[in-house]
Amino acid sequence: MKVMVPVKRVVDYNVKVRVKSDNTGVELANVKMSMNPFDEIAVEEAIRLKEAGKVEEIVVVSIGPKAATETIRTGLAMGADRGILVEHDDEIHPLAVAKILKGIVGEENPDIVLLGKQAIDDDCNQTGQMLAQLLGWAQGTFASKVEAEDGSLNVTREVDGGLETVKLNLPAIVTTDLRLNEPRYASLPNIMKAKRKPIDEKTAADYGVDATPRLKTLKVEEPAAREAGIKVESVDELVGKLKEKGLI
Amino acid sequence: MIEKSHIDHLVSLLGPECATTDQDRIAPLLREWRDKYFGHTQLLLTPNSAEQLSDALRYCNAHGVAVVPQGGNTGLVGAGLPGLANRDEVLISTQRMNKVLDVCPNDYSITVEAGVTIKEIQQSAETADRLFPLSLASEGSCTAGGTIATNAGGVHVIRYGSMQALTMGVEAVLADGTIYSDLSPLRKDNTGYKLSSLFAGSEGTLGIITKATLKLYPPERHRITTWIAIDDINSALNILEKLRDVTADRVSVFEIMPHSGLELVLRHIPSTLPPFPGKEFPWYILAEIGSSIHDPVLEETVEDCLSNMISNNQIADGIIAQSEQQRLELWKLRESLSEAQKHEGGSIKHDISVPVSQVPEFVKTVAPEIEQRWTGSRVIPFGHLGDGNLHFNVMQPSTMDKQAFLANWEEMNRFVHDRVTDFSGSISAEHGIGSMKAQELKRLKPASSLHAMQMIKKALDPNNILNPGALFTRD
Ligand SMILES: Cc1cc2nc3c(=O)[nH]c(=O)nc-3n(C[C@H](O)[C@H](O)[C@H](O)COP(=O)(O)OP(=O)(O)OC[C@H]3O[C@@H](n4cnc5c(N)ncnc54)[C@H](O)[C@@H]3O)c2cc1C
Chain F
1 MKVMVPVKRV VDYNVKVRVK SDNTGVELAN VKMSMNPFDE IAVEEAIRLK EAGKVEEIVV
61 VSIGPKAATE TIRTGLAMGA DRGILVEHDD EIHPLAVAKI LKGIVGEENP DIVLLGKQAI
121 DDDCNQTGQM LAQLLGWAQG TFASKVEAED GSLNVTREVD GGLETVKLNL PAIVTTDLRL
181 NEPRYASLPN IMKAKRKPID EKTAADYGVD ATPRLKTLKV EEPAAREAGI KVESVDELVG
241 KLKEKGLI
Chain D
1 MIEKSHIDHL VSLLGPECAT TDQDRIAPLL REWRDKYFGH TQLLLTPNSA EQLSDALRYC
61 NAHGVAVVPQ GGNTGLVGAG LPGLANRDEV LISTQRMNKV LDVCPNDYSI TVEAGVTIKE
121 IQQSAETADR LFPLSLASEG SCTAGGTIAT NAGGVHVIRY GSMQALTMGV EAVLADGTIY
181 SDLSPLRKDN TGYKLSSLFA GSEGTLGIIT KATLKLYPPE RHRITTWIAI DDINSALNIL
241 EKLRDVTADR VSVFEIMPHS GLELVLRHIP STLPPFPGKE FPWYILAEIG SSIHDPVLEE
301 TVEDCLSNMI SNNQIADGII AQSEQQRLEL WKLRESLSEA QKHEGGSIKH DISVPVSQVP
361 EFVKTVAPEI EQRWTGSRVI PFGHLGDGNL HFNVMQPSTM DKQAFLANWE EMNRFVHDRV
421 TDFSGSISAE HGIGSMKAQE LKRLKPASSL HAMQMIKKAL DPNNILNPGA LFTRD
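Sequences listed follow chains F and D, in order.
With the first letter of the first sequence counted as 1, position 213 gets the number 213 in the working numbering; the numbers rise by one all the way through.
With the first letter of the second sequence counted as 1, position 314 gets the number 314 in the working numbering; the numbers rise by one all the way through.
One chain only, chain F, in its complex shape (with noise of 0.2 Å):
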């Protein structure tokens, strides 16, 4: 089997970001960025399934500037075999994402696309679901378990209230949960081996997608501040101070 994994370069989910002066949008320069956690985990996934014998070979596939190239390495680093780069400076939607993924795929023949859930940086959580839609596949979205079997796919999904197991026919489409596994390190003869391993260059324009964003963004604002917490000396004082705003 033939996987392929889309991966996203988002702002660190550990910088704290920062909205730009002119409410345009948040801070990017000169800005840690790396792989969106929920692709590093389907990254990982892919690979699980590859050394359980599953699967053949995996493509990392990444939409986004050409620093991108970085986030498609760390992906072959982390044992993915090559990659594909579809640049694109501007600003992608998920509708457009999922159309030129629906090229990929047309050309990569895959088995399995397996997706983060939602990207951080926007947290859409559309791309897996409009990508099986267009595709007309199965997909087992938000995926805490993923079990191959010949021809179908067993994912147990975190849905609100408990788990849900669903079987899919291949090809498929699966998106992952954050309790899926815990994403490997890059060990340094991977990352090494990862330098010689070949990434294609495309453009949203060699799959025919025209990529101009159906949504403006009107404005970007820093949520309200907290309010800073007092200290009260007394069990009394903290009775009157709850009657007071009327909580109690």
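None of these hints come from the bench; they were simulated from the model.
Ideal Cβ placement from N, Cα and C applies to all residues, glycine included.
Possibly wrong hints are sitting among the right ones.
What the hints assert, rightly or not - A few chain D positions that, by computed beta-carbon distances, are all more than 10 Å from chain F:
#	residue
1	K99
2	L174
3	S197
4	D249
5	I293
6	E369
7	I370
Unchecked claim - Straight-line Cα separation of at most 20 Å, PhoX-like style, residue types lysine-lysine; simulated pairs:
#	chain 1	residue 1	chain 2	residue 2
8	F	K145	F	K54
9	D	K99	F	K231
10	F	K66	F	K197
11	F	K16	D	K119
Chain F is fixed; fit chain D with the ligand onto it per the hints.
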């Protein structure tokens, strides 16, 4: 007992806000975090300005009332607690002097009151797009004054120096109430003795620091964090040398820990992951290269450098963190080691340094000597290899009673300190002397140095009212 008339006078001088005899308010400041020392005092002063403190010290000096200054009370050598060894001392806490006064990005400087925590200083610097580089596990509590007074070190010394190097000037109240000040962001000022340096390592014995001007640096917006496995501790020196060389000396962190230490962390600390699943190596290095810009070329240079060292068998294996999350995970392995040791039983601690070039030889020679002499004990040396500073801690034999093992504390200290001295090292690399190592200092510091220290002490504090229990022994 401190005479009641003195207590009454000091309370009336500072007012009930800033002076208290209420033991409920005093008690939290009398315990240190390891429960190794318990202080006692009848009076706590929390002055809010140098002027107020000056009034108090002038009175104390005139009447021979001893005082102990305290910042965040994170010191590890029993130096910031009053009333040890049955002395009578007033506790003076800097907790009300807690304001950041000025951050000047162009001067790369910050001026703070003595009670501001290191964490707050780091955060103020960050807001101004600057780095305050001192970084240590106690940074959430320890203060500007306390870290100057102990000349604290931490993990960034290899690149930025210890607290002394980061201090450009101080304001301090001397024993006689004089307010000394050389607060200034001047990088060059050769007008006589650099007196602010005198407060580095003074442990509250020369004056009470009330303000400080500290150095800032460009931020490390990008960090290459690597966890390296080595078979032979000798390789560590080659790795350090190569990394400093190829990164244009941007190595900010170079820490070492043995496999036995990693094992303790993985066993006792929740949510820690083995960096090399299924594999073991004798030693690990955590190194970090910091840069103010995102520099893919630098990353490649580091990768090439390290992988070359794998090819010639200097490095056994390695990881480079691919995200801040992974970086924090690797850091957690190093930073949890002290805590993990606590879960494993008693350990006898040594905070020592030797010349960096001597670290491998020291470890290879002295660790077996100890394990032979104290049968069943395990030496777990870890720490700031880049500074030649090891926390040379010795764990109890697993079957032995904890107290029985800890009874060897002083004897083992003397043994290790003798060997450190043989290697031209220091018996206190970063934690200070306090009352804990005063005897050892007297035993091992060259007499001429001790004499010079005593002359300075006598000149600035002739009545010996400032932290009389620290640094010097009573006789
Ligand atoms: C978990 C932990 C990790 C640590 N890690 C490190 C480390 O990596 N590197 C390192 O160097 N140290 C380390 N330390 C110890 C270190 O000495 C202290 O954290 C710090 O330097 C002390 O600051 P403080 O404000 O808590 O001072 P305190 O503990 O309150 O006082 C320490 C000494 O300074 C004196 N003092 C305090 N304030 C003043 C003042 N305003 N004027 C004059 N004298 C004053 C006191 O009298 C005392 O002698 C660690 C401690 C802990 C608990």
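Now the hints, each set against the structure:
1. K99: holds, 16 Å
2. L174: holds, 35 Å
3. S197: holds, 35 Å
4. D249: The claim stands: D:D249 keeps its Cβ more than 10 Å from every Cβ of chain F (closest is about 21 Å).
5. I293: Violated, since 6 Å does not exceed 10 Å.
6. E369: holds, 35 Å
7. I370: Non-interface label stands for D:I370: nearest chain F Cβ at 34 Å, farther than 10 Å.
8. F:K145 / F:K54: Answer holds: F:K145 to F:K54 is near 15 Å, not above 20 Å.
9. D:K99 / F:K231: Holds, because 19 Å separates the two Cα atoms, which is no more than 20 Å.
10. F:K66 / F:K197: holds, 17 Å
11. F:K16 / D:K119: This hinted pair holds, its Cα atoms lying about 16 Å apart.
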